[in-house]
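Participant: If you want the building blocks of each chain, they are given just below.
Number of protein chains: 2
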Amino acid sequence: MSKAQLEQLRSRFAEGRSALDTPDINQMRQGFEEMLTQFPPAPGVTFEQADLGGIPGRWCIPSQVADARVLLYLHGGGYMVGSSIAYGPMASQLASRLKARVLVPDYRLAPENPYPAALEDAVRVYRWLLDNGVSPRSLTLAGDSCGGGLTLATMVAVRDAGLPLPTGAAIMSAWADLEASSDSITSKAGEDPLLNGEDLRGMAGAYLGSASPRTPGASPVYANLAGLPPLLIQVGSAEILLDDSTRLAARAGAAGVKVRLEIWPEMFHVWHTYAPVLDEGAEALDDIAAFLDALYAREKESKTVTA
Amino acid sequence: MSKAQLEQLRSRFAEGRSALDTPDINQMRQGFEEMLTQFPPAPGVTFEQADLGGIPGRWCIPSQVADARVLLYLHGGGYMVGSSIAYGPMASQLASRLKARVLVPDYRLAPENPYPAALEDAVRVYRWLLDNGVSPRSLTLAGDSCGGGLTLATMVAVRDAGLPLPTGAAIMSAWADLEASSDSITSKAGEDPLLNGEDLRGMAGAYLGSASPRTPGASPVYANLAGLPPLLIQVGSAEILLDDSTRLAARAGAAGVKVRLEIWPEMFHVWHTYAPVLDEGAEALDDIAAFLDALYAREKESKTVTA
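Sequence order for the protein chains is A and B. Going by this note's numbering, the letters in the first sequence line up with residues 1 to 307, in that order. Going by this note's numbering, the letters in the second sequence line up with residues 1001 to 1307, in that order.
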């Protein structure tokens, strides 16, 4: 990263925050969508609206797809904002790097639909993929921010339902403790240019409704993560959510999950969305693609051997 | 890993432990050396005894060396056992993968030479390398167990002395908290086939002498790690030292160090030494080589640009 890249971004953050600074939830959603679609999608992809067994969503299809690969992407936005439109650019960056069709479902949002609405929808979409011929060997999951937490909660629910798990998952800047009890909520408060504890607690309240902030399905730092497939966990060092990720890594690893945790110096919440103008954004996406690519390749190899 | 591989290893562990079960420190050192040299070195390497400004050591030289690369390897053995001979096979595995000359110094051991003898020797060897024309751009560090902790303590001392830091470091199953206060010391006690808290505390006492177990130079989980180069931290999920690594990763990352933590399911203390008969051992060494290789390559590129 050049210092110039980072300085330019800091001024954008202020704009972004003011776009979200409205009591009207629909205006907030629109502001978030405009912020995240400021960069065009990666070249060569096409988008297709989809009905995923009653849940709307959008496919992002790259010009080349390897081995029927599918990535199910659970978007961020504090369980309150974010959409398959907002995450078109992010989906396109992953689709083209991974040579996978990327599906971004529009799970139901809070406050209209509190926990467990988002989780139920994510699990239903996962099941819909299996029912529609997607092999778990060809399927990986990814998500950012609340979508990172939701990715883990979804895999736990999938495991508990006795369904086959995906081949791996990558999570970026996960929000995984809705109690906001990570040390970094305070220790990184002065460094984080995007989030603060108060906002987190507000969004947590809207999503949780009457559920406890320690509910494992909402706060997967408290979940039993045993049996999950290999995980890549990426987080920036300038995030109040840093320790949501270090705690997840420690907990998943102790439960016997293969874990890779990457901590990126100076990076801020979901810096990946700035990949078109920030070297580390592109590099972090490259790492995700390489990580999932190796898992797809290994599954394909083991299938060949056992076939 | 096949289950058969792991079962075979479990019987070796028992043999290994009994070889070390002697009150005679010289017998213990000999037993450790025999255990670690049970596999031959990787093909094509040669060894050369060296005098590193008064500290003995041994070079492992692969048939091909890329860009004058040097890896300084700080061996494990609880600061009490271990040697450049014992670590010949490990050095050879890294040398041939990384196309680097690997230097294993025989730093002074406890109980004859308590803290800070090992650290002083490691820093002297580092300085000797710089004085003898090794560019920090071509220099990386690695270490296992106490050598993992020593690798971090050495870099902190190098930083504080105002010397140029190496290009990166990889540590395996680090012993980084001589107070033995990691949760995993108890939570993984039933899973760890090699180490127990009592042994750790005994070795810590021998090394620390009169120093506090929280001395950052002996227990780098308590050190200020700011400014260190990129770190790869590998640990097994079946280790009582698991949380020495997760704590190091969290602390280094929070200080702005680029960190990759890998937690390997079912793996035990420094499983890398079994690379010739254990797939995960070879794969973990491959990861270290790829990680350091990318750093060497990046340094070379930046040198080309600034030249």
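Treat the hints with care, since some could be wrong.
Said to hold, decoys possible - In silico contact screen, one side only, chain B against chain A (beta carbon under 10 Å); selected entries:
| no. | residue |
| --- | --- |
| 1 | Trp1059 |
| 2 | Ser1181 |
| 3 | Asp1183 |
| 4 | Ala1238 |
| 5 | Gly1253 |
| 6 | Ala1254 |
| 7 | Glu1266 |
To be verified - Partner residues aside, some chain A positions facing chain B, computed with beta carbon under 7 Å:
| no. | residue |
| --- | --- |
| 8 | Pro23 |
| 9 | Asn26 |
| 10 | Met28 |
| 11 | Arg29 |
| 12 | Ala206 |
| 13 | Leu208 |
| 14 | Ser237 |
| 15 | Pro265 |
Note that these hints are calculated values from the structure, not bench results. We put the CB at the ideal spot given by N, CA and C, even for glycine.
Participant: With a cut-off of 10 Å on the beta carbons, see whether Gly1253/B makes it to chain A.
Facilitator: OK, holds: Gly1253/B within 10 Å of chain A, min 3 Å.
Participant: Does the closest beta carbon of chain B sit nearer than 7 Å to the beta carbon of Leu208/A?
Facilitator: violated (26 Å)
Participant: Should the hint that Asn26/A touches chain B count as held when the rule is a Cβ pair under 7 Å?
Facilitator: Asn26/A check fails; min Cβ-Cβ to chain B is 37 Å, beyond 7 Å.
Participant: Hint validation: Asp1183/B versus chain A, beta carbon distance must be below 10 Å. Holds or violated?
Facilitator: holds (9 Å)
Participant: Let me know if the C-beta of Glu1266/B comes in closer than 10 Å to any C-beta of chain A, holds or violated.
Facilitator: holds (7 Å)
Participant: When the nearest CB of chain A is found for Ala1238/B, is that gap smaller than 10 Å?
Facilitator: holds (8 Å)
Participant: Does Trp1059/B hold up as a contact with chain A if the rule is Cβ-Cβ below 10 Å?
Facilitator: violated (32 Å)
Participant: With a cut-off of 10 Å, does the beta carbon of Ala1254/B approach a beta carbon of chain A closely enough for the hint to hold?
Facilitator: holds (6 Å)
Participant: Can we keep the Pro265/A interface hint, with Cβ of chain B closer than 7 Å?
Facilitator: holds (5 Å)
Participant: Let me know if the C-beta of Pro23/A comes in closer than 7 Å to any C-beta of chain B, holds or violated.
Facilitator: violated (34 Å)
Participant: The hint names Arg29/A as touching chain B; please verify it with the least Cβ-Cβ distance against 7 Å.
Facilitator: At about 32 Å, which exceeds the 7 Å cut-off, the nearest Cβ of chain B leaves the hint on Arg29/A violated.
Participant: The hint names Met28/A as touching chain B; please verify it with the least Cβ-Cβ distance against 7 Å.
Facilitator: It is violated, given that the least Cβ distance between Met28/A and chain B is near 31 Å, above 7 Å.
Hints 1, 2, 8, 9, 10, 11, 12, 13 from the earlier list are contradicted by this structure; the remaining hints agree with it.
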